[in-house]
Amino acid sequence: MDTHVAILDVDGQEGMERRQQQLVLRERGRRIKAAAELGLARSSRGRQWGRALGRRTLVVSPEDGEVTSSSTTVGKRQAAQKKATSLEDEEEVVVEEKVALLRQLVPGGEDMAVEGLLEETADYIEALKAQVGVMRALACLLSGSGLDALMPEKAAAGLLTPEKPH
Amino acid sequence: MSGRRGSRISDDEINELISKLQALLPESSRRRSASRSSASKLLKETCSYIKSLHREVDDLSERLSGLMSTMDNDSPQAEIIRSLLR
Numbered sequence: 001m002d003t004h005v006a007i008l009d010v011d012g013q014e015g016m017e018r019r020q021q022q023l024v025l026r027e028r029g030r031r032i033k034a035a036a037e038l039g040l041a042r043s044s045r046g047r048q049w050g051r052a053l054g055r056r057t058l059v060v061s062p063e064d065g066e067v068t069s070s071s072t073t074v075g076k077r078q079a080a081q082k083k084a085t086s087l088e089d090e091e092e093v094v095v096e097e098k099v100a101l102l103r104q105l106v107p108g109g110e111d112m113a114v115e116g117l118l119e120e121t122a123d124y125i126e127a128l129k130a131q132v133g134v135m136r137a138l139a140c141l142l143s144g145s146g147l148d149a150l151m152p153e154k155a156a157a158g159l160l161t162p163e164k165p166h
Numbered sequence: 001m002s003g004r005r006g007s008r009i010s011d012d013e014i015n016e017l018i019s020k021l022q023a024l025l026p027e028s029s030r031r032r033s034a035s036r037s038s039a040s041k042l043l044k045e046t047c048s049y050i051k052s053l054h055r056e057v058d059d060l061s062e063r064l065s066g067l068m069s070t071m072d073n074d075s076p077q078a079e080i081i082r083s084l085l086r
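Sequences listed follow chains G and F, in order.
The opening residue of the first sequence carries number 1 in full-length UniProt numbering; numbering runs sequentially from there.
The opening residue of the second sequence carries number 1 in full-length UniProt numbering; numbering runs sequentially from there.
Be aware that a few hints might be false.
[Unchecked claim] Here are the simulated DSBU-like cross-link-like pairs (lysine-lysine), alpha carbons at most 35 Å apart as the crow flies:
(1) F:K44 with G:K129
(2) G:K129 with F:K41
(3) F:K20 with F:K44
(4) F:K51 with F:K41
(5) G:K129 with F:K20
(6) F:K51 with F:K20
(7) F:K41 with F:K20
(8) F:K51 with G:K129
The set of hints was computed from the structure by calculation and includes no laboratory data.
Please read all numbers here as calculations on a predicted model, not as lab measurements.
Between the sequences and the hints, there should be enough to build the whole structure, so can you do that?
Shown next, in the form of structure tokens:
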């Protein structure tokens, strides 16, 4: 076989395998995230954001869309600012805009009154922090360095020593 | 009151927003911002904070995915993961 073609072939094969592996990894990552969100929703003790998140996660979409300010939001702000004459009015416009953004970030936020939205936001932030903590601990565990911290008794009994070298 | 698009926020509500939001944000940013932070600034920080937490969840999900692919199914680590998923 021509060396040129042979090299291209190997590259193509490896490239394809790498791409496939990437797809597998990404898909697993998405499922991990969905599992984490479901766990988060279940631990919310019936909170509105929890119920909304639970409903949303069950309709798993292949690609999670980024929540960004759309052009319509900017358009609305420009229209509102034309009405706002004083400094206070301007501040109020920005607040309205930020509240709208918060509604998109907190699950179920679109259906809440402003006061309720803040309550839910506080609870949601606390839950997110806890979720991040758990996932960090899991990552630590899987990278082999955190076992002792998580299971001191078993570590003492010598049950956690890895059999093969990393 | 539904508080959806169209309803305006009163001054009182804004003041309450400010104190509630300051309590929400992490210690570090609370100290950095003066006590006279505007509601809009606090709301902006809250939104960024939530977005950064979301990004962390995404990054960790990806990382865990990679770590799990190299995991030995018979290890104690795998058993811990399995017990969490039950």
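Tested hints:
no.	hint	result
1	F:K44 with G:K129	holds (18 Å)
2	G:K129 with F:K41	holds (21 Å)
3	F:K20 with F:K44	holds (14 Å)
4	F:K51 with F:K41	holds (15 Å)
5	G:K129 with F:K20	holds (18 Å)
6	F:K51 with F:K20	holds (19 Å)
7	F:K41 with F:K20	holds (13 Å)
8	F:K51 with G:K129	holds (12 Å)
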